[in-house]
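S.K.: Each chain is listed here by its residues.
There are 2 protein chains.
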Amino acid sequence: MDKILRINMGAEGGPQTSEEPPDGYAGLGGRAMTSAIISKEVPPLCHPLGQDNKLIFAPGMLSGTASVMSGRLSVGCKSPLTGGIKESNSGGQAAQVIARLGYAAIILEGKPKDDTLYKVFINKDGVKITPENSLRMLGNYDLVDKMMSEHGDKITCVSIGQAGEMKMSAASVAITDMELRPTRHAGRGGVGAVMGAKRVKVIVLDDTGMKMRTPKDPKKFKEANKIFAEGLKKNPVTGQGLPAFGTNVLTNVINEAGGYPTRNFKTGQFEGVSKISGETQAETETARGGLATHGCHRGCIIKCSGIYNDKDGNYLTKQPEYETVWAHGGNCGINDLDAIALMDRLDDDFGLDTIEMGATIGVAMDAGLAEFGDAEAAINLIKEVGKGTPLGRILGNGAAITGKVFGVERVPVVKGQAFPAYDPRAVHGIGVTYATSTMGADHTAGYAVATNIMKVGGDVDPLKPEGQVELSRNLQIATAAIDSTGMCLFIAFAIMDQPETFQALVDMLNAFYGLSMTGDDVTELGKSVLKNERDFNARAGFTAKHDRLPEFFKKETLPPHNLTFQVKDEDLDTVFNW
Amino acid sequence: MDKILRINMGAEGGPQTSEEPPDGYAGLGGRAMTSAIISKEVPPLCHPLGQDNKLIFAPGMLSGTASVMSGRLSVGCKSPLTGGIKESNSGGQAAQVIARLGYAAIILEGKPKDDTLYKVFINKDGVKITPENSLRMLGNYDLVDKMMSEHGDKITCVSIGQAGEMKMSAASVAITDMELRPTRHAGRGGVGAVMGAKRVKVIVLDDTGMKMRTPKDPKKFKEANKIFAEGLKKNPVTGQGLPAFGTNVLTNVINEAGGYPTRNFKTGQFEGVSKISGETQAETETARGGLATHGCHRGCIIKCSGIYNDKDGNYLTKQPEYETVWAHGGNCGINDLDAIALMDRLDDDFGLDTIEMGATIGVAMDAGLAEFGDAEAAINLIKEVGKGTPLGRILGNGAAITGKVFGVERVPVVKGQAFPAYDPRAVHGIGVTYATSTMGADHTAGYAVATNIMKVGGDVDPLKPEGQVELSRNLQIATAAIDSTGMCLFIAFAIMDQPETFQALVDMLNAFYGLSMTGDDVTELGKSVLKNERDFNARAGFTAKHDRLPEFFKKETLPPHNLTFQVKDEDLDTVFNW
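Going line by line, the protein sequences match chains A and B.
Using the UniProt record's numbering, the letters of the first sequence correspond one by one to residues 1 to 578.
Using the UniProt record's numbering, the letters of the second sequence correspond one by one to residues 1 to 578.
So here's chain A without its partners, still in its complex pose:
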């Protein structure tokens, strides 16, 4: 990771590449890297689909090393969905591979003058960019098959489906998993639309011949990694709950807590949860010859994913995440796991954010385009997106646009990005994160659900406003730091309650880079990332008025607790006072 690769898609005479040392960005990784580059190099008022926006792929500080859990990739740009800064984070193989290829960041800049579509191929010998109009409007699955037939099965693909090509604001960037399937996604914020605007259909990565990155102090690094891995194993969430049932273990938990947004955020409990819970999902997967426990990248030891086969035992999709099951399930009044899995597959294939799509269909159902609970209608709506019909274009641009186009008042978005699977009226801490995150509504930006509901890292009553601002603040800072290391965010369950596991993470960073960081330094790293992001957003026109939940969360009560969102505006405005 001693160089930055710039690919200028708008160069005269066709795309041009250049490599440079990461001067000014040295030592940064993941989100710290993407947000620093955007903050410094992207004009905040530029059009997100224009030549001045940049799409940055940055492995984390520990990606490409022997560290467990270090395979997260940060994908950053000015977001077409929010208009603000964006870091969208994905699993899959790409972070490890990019890091081993030696790149601290790959930056797509400029845009071609015409509509030609390109393939970027990167291996140990360098970068090759070729026009590939034959890839036009391929879904991610067919695309990856084609790349495998051309380049073999040692590759990793970073690609867009039809949605990205059509520059839809819900378009994701797909990243292949260990089975070379396009199942992991930098989903949020429309990063796929920016890749589409740059006319890059796929980046094919091959790290054959490249080695794992070596630490400055291999012995200390190995020791710390071992302690860290043991810490994850012994933690009940990362060692048992997530491996057994995946993220969907949350369906029963959040529903029980009354914070499971049902039928476009009308109630906090769904009568159909038992049919779509993680327990039912794992059972179904196992019975059909799939897998209930599976990792998404080399080096993962939590293995919260799985393989979901159809009724005939054929592969359909990876194990749908909790948020996906919620988005296409409870939020649409749908209790059919097979239908939800099919929608997950379609989203992955078209290259769409499952959260944004589910929230969008919920809004569309409120607009009368389909009945809540009608799985077939919901599937057809997603197919419209893939086809790019006018209706599909609307939906593919997300919940805010769909609400606007159909005149719907109840639209669960902040800064244009749809709410994930937790209702802030029953989980107040996550509401603070939704409102104030630099990313728009984003549970991963400061996962207060952990402390509100699972009592990890303390205990803050989810139904009261007290303590939520401080909770969200601390989590947002810590998350910004974790997102910079390349670590999967799920390590947080362990490091929040196990000081020795947190220390092991710090020790790994120190041993790898020859540093002597303390826990406070990690906090400072998180703060510096947020500062860059807040600064960019301010220059893009965001104010405290944008750090607000939609009106209806303050007006409508949510059964069963029958509460509105209670945190005061003036308290929201103190989240970034530290």
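If you are wondering where the hints come from, they were derived from the structure by calculation, not from laboratory data.
From a predicted model like this one, the values you see are computed outputs, not experimental measurements.
C-beta: ideal position from N, C-alpha, C; glycine also.
Relax, there's no trap hidden among the hints.
Chain A stretches covered by chain B per the calculated footprint, using a threshold of three residues with CB under 8 Å from any CB of chain B:
{"#": "1", "segment": "159-169"}
{"#": "2", "segment": "393-405"}
{"#": "3", "segment": "545-558"}
Taking lysine-lysine and the DSS-like style, the derived pairs with C-alpha atoms no more than 25 Å apart in a straight line are:
{"#": "4", "chain 1": "A", "residue 1": "K40", "chain 2": "B", "residue 2": "K554"}
{"#": "5", "chain 1": "B", "residue 1": "K545", "chain 2": "A", "residue 2": "K545"}
{"#": "6", "chain 1": "A", "residue 1": "K387", "chain 2": "B", "residue 2": "K387"}
{"#": "7", "chain 1": "B", "residue 1": "K387", "chain 2": "A", "residue 2": "K383"}
{"#": "8", "chain 1": "A", "residue 1": "K555", "chain 2": "B", "residue 2": "K113"}
{"#": "9", "chain 1": "B", "residue 1": "K531", "chain 2": "A", "residue 2": "K545"}
{"#": "10", "chain 1": "B", "residue 1": "K383", "chain 2": "A", "residue 2": "K387"}
Since the structure of chain A is already known, use the hints to place chain B on it.
M.R.: Chain B only, in chain A's frame:
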């Protein structure tokens, strides 16, 4: 005008009305009234289609009097198009009639819980509100015919077409003219969508039995009105140009100046102007038995409108305005006056802002939905809007949404509102107004074209940045004041260069209200209106970053002058420093 009428559409048990003295708003009229009420009563972060928004109809200070030109109505709300404050200004009969009925403002508040559509009938005996679902999805023309069959021909209608019912952000409020046709519109900013959200299809006004408002000093008022009228008659623009050719007299003028935005703002001159100019239009109207000179309301002496008949001599629409002819003509590469007139008719019937629709079709053409110059395709796109198909819903929500949904980068909007018919790269003063107006891109908010191109009120070189900020500032202040008097903005051509005509206006106000205002007091009135509006917008989240033209006006040069927009951001930020 000694009372305010409030109609609470959301009251328990059905709509309720109340009347009150205009305490706190006494002496205000038009835009000063609407903006004061919104600023004070509407929560800046409320949903524009929600129960907390208010739709306010306010005649001007001199409306309902014997004063010439005093028939403009201000329609105000939080805009669904911009998210900021909105005053949309219309001719037609309503201002005079509302004023004579004694109302300084009619305020629609709340919204019904169900979808029932209502008719509001107001005459000397009071207000009657009835559910009228039979009016559902009627166009404005059929609607007005139905109202005439029910209430006779002494009425004035304020109504929405299909677009307003569907709560589209380009929906207008239609106001009938002297022939009881729905040809005058509060077009901009989606005020029709707010009326639709309140579920009011039509307000039928009948001022039978009501008298003209009487001045405190009738003799002085009459004298001032006479001098004022004479001033308008002797001015070459208001006395000759506008009556002879209507606003469309500008087509040749702006094209000659190289500032006529052609094919979605790609060039500043259109090869087809001679076929759609005001001169050609007037000739066509006269030859077909229409009218080239006609007023839009009682008391108008400029008479810049007309009657446009089809080839068979049958009424098709009122004389399309310059901005309409541009929007559906040059901006779409269309040089067919009959096609443009038909689109004007369709816009009026569906209840759509012609400027927003033309700009939207230009963007849609850039997106590949139709070829530039294809009049039939453009007509069909507007018909989609009336039908409310998904494509129609997109287009009916304006240029910004259309650009977003189809991934188009070149979208001429500020604060979400489409540019009118003057390219800021060739008419720099109007660019300052577009960028900084509280209304979004709006030529009427500070019509610098007058001074840049027509050399009215001075001479500021349209191609240079120097002097434009001061010009726009002074015009925005003066306009805010004029928009409060009920006067047609076209009086500005006369009062800017004829001190005695301006003095006559001040004298009329003083004689009517028993005041002793000076010209400086009028300026202060304008400043106070802008201050209210800026304050509301700031509380709604607008910053200096929103006072900017889209990126492409700073990057793409416009032939024939081959300039970009030259006014610096930091200078734009001084417009409201006074």
